[in-house]
Amino acid sequence: MDLDNNLKSVKHKIVILSGKGGVGKSTVATQIALSLKQQGLKVGVLDVDLCGPSIPRMLNVEDKDIHQSSQGWVPVYPDPSQTLAVMSIAFLLNKKDDPVVWRGPKKNAMIKQFLSDVVWGDLDYLIIDTPPGTSDEHITVVEGLQGYNPDGVVLVTTPQAVAVGDVRRELTFCRKTKLPVLGVVENMSGFVCPHCAECSNVFSKGGGEALAREFNIPFLGCVPLDPQLSECLENGQSFVEAFSSSPSAQILNKIAETLHQRTAMNGSIS
Amino acid sequence: MSEKPENAPEHCPGTESEDAGKSSACQGCPNQNICSSAKPKGPDPDLAVIQERLSSVKHKILVLSGKGGVGKSTVTSMLARGLALDDNLQVGILDVDICGPSIPRVMGLEGEQVHQSGSGWSPVYVEDNLGVMSAGFLLSSPDDAIIWRGPKKNGLIKQFLRDVDWEDTNYLVIDTPPGTSDEHLSVVQYLQHAVIDGAVIVTTPQEVSLMDVRKEINFCKKVKLPIIGVIENMSGFICPSCKNESQIFPPTTGGAEKMAEDMKVPFLGKLPLDPRIGKCCDEGTSFFEEFPDSPAVTSYQQIIKDIPDNLLFGNQTKDLLHMYLTFIPLFTKSFFTSTIFKGYSSG
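Protein sequences appear in the order of chains V and H.
With the numbering used here, letter number 43 in the first sequence gets 43, and the count goes up by one each step, no holes.
With the numbering used here, letter number 262 in the second sequence gets 262, and the count goes up by one each step, no holes.
Treat the hints as calculated values from the structure; they're not laboratory data.
Take these hints with a grain of salt, some might be off.
[Claimed, not checked] Capping the alpha-carbon separation at 16 Å, the derived lysine to aspartate or glutamate pairs in EDC-like fashion look like this: (1) V:96 / V:143; (2) V:205 / H:144; (3) V:96 / H:306; (4) H:222 / V:143; (5) V:8 / V:97; (6) H:221 / V:122; (7) H:264 / V:198; (8) V:96 / V:65; (9) V:205 / H:283; (10) V:95 / V:63; (11) V:176 / H:143; (12) H:221 / V:97; (13) V:42 / V:65; (14) H:58 / H:143; (15) V:178 / V:231; (16) H:222 / V:63; (17) H:243 / V:117; (18) V:176 / H:144.
[Claimed, not checked] Stretch by stretch, here's where chain V covers chain H in the computed footprint (C-beta under 8 Å, at least three residues): (19) 66 to 80; (20) 140 to 152.
We treat Cβ as the ideally placed atom computed from N, Cα and C, and that holds for glycine.
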């Protein structure tokens, strides 16, 4: 297996991080991937959340298996165009309710395999979804991407202080590991009541934007809560495609476009 | 537990076996180095120390979820605050989420530090009868990150369990990070002699959460951790303007109640999404005190009221068994048998 080739053929690598769980990392990862795919780009999504792999369901490939080729593991393609490739531990589980009860060393070994042994082919973007925290998975991903020029990190938070508190720590992680921060997304930022159109700040407001200002990092946008987004994720439907006129879809598409513009400049410089 | 990895050779002894990494079958296995270097040598003397330390804690409740962001820390703090409203009870919170310790902020204790006394580490007290311990108290600034791999996290968890002096405590509520990994395995392993009453499992209604929570329930079953029950959090949002209810996280597959029924575990109740709960968590104030009229308070009170009942039989059984095992040499076999039977039927 040629270790170099598998990641070398991937033009841009973006890691989705948050110190906090449940803020929408997988949601943002999948919708950015789908949005980039809609723009005609070839995209991969690598799910390194081994205990709680959400990506396959969100991309409607929940019951798929992976198989080996002579060059390594072949990722799962949700459609025949093969412009979206997916890898997750969920594909390796015998039963989807089986817990993955692994300590750090075993998780690290699996993540290293995911980084080196998946035959991504020529991808424009590889989006790497992570579990919450600053531990084994994150350290191993950073080490595994060394030498392959990752474009950087998108930090996802919800507006409230409890979430932002963890994301500050994630920023420290990025600084210590010298990962560039492409921007902050404030997810679940406001809910427009479908009955009366009143906007409620269910999880407070503005924390992500304030964090970006404080640390002088780009603010990518506020994504409001939209039950239709939740439903699409549940059903493996592309929200950015099915509900493209919704405010949440518009901002997610804009975030994807911004990331594409920023990272495309990286490509032309290197 | 004797796990065999997917890529293990045919006669793999199992990763938890004494021969892991060392048997002839391990030669050439990609996991050999990991297995042979990760083994403790002999029984761990700290387990007995932990058992002794926690013998003064009557009930230990783990708050778990496979999924992040469902409200474990919120539920932990609310359960603890709710139990502590009874001045006769002594309550503790132990936060073993080392990378994302939310409990200090949620309990209004940000910036507090750990103090050592002659008898060990002292919890930080919110009220006279409510003490807290968290990795957050070990950080000197809110931006400090704990970037540790598993073994180091395990070491800190063991220290918490071994060295914190809870004194006489009725309820110790243990908040955990999401997942089924080092922290969860360590807590179960280190507390194996200290007896955990069980786990409260928190989820939100949607399938993307339930998927992970089913795994957590299976984890509990695998490590023989009793399940006190499942709580469905963020279950419906009442618009403060028009008072209509919306399902922000729609239960497309029946929600937590159906999941609990399918997996044959108790369902403890639903908690609505009230933005003021998040506000109290951000400000470190008690939701019970600030907004006593919220429907969420009623829901929490019902769940908290039921918890001691869910634990009571278990505790009675433990107490009875302890008593009988201590005095068994003094009784004849037939007397012992009839007294045990009476104890169960009156529990």
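key: List of violated hint numbers, smallest to largest   = Result: hints 1, 2, 3, 4, 5, 6, 7, 13, 14, 15, 16 and 17 break, sorted rising.
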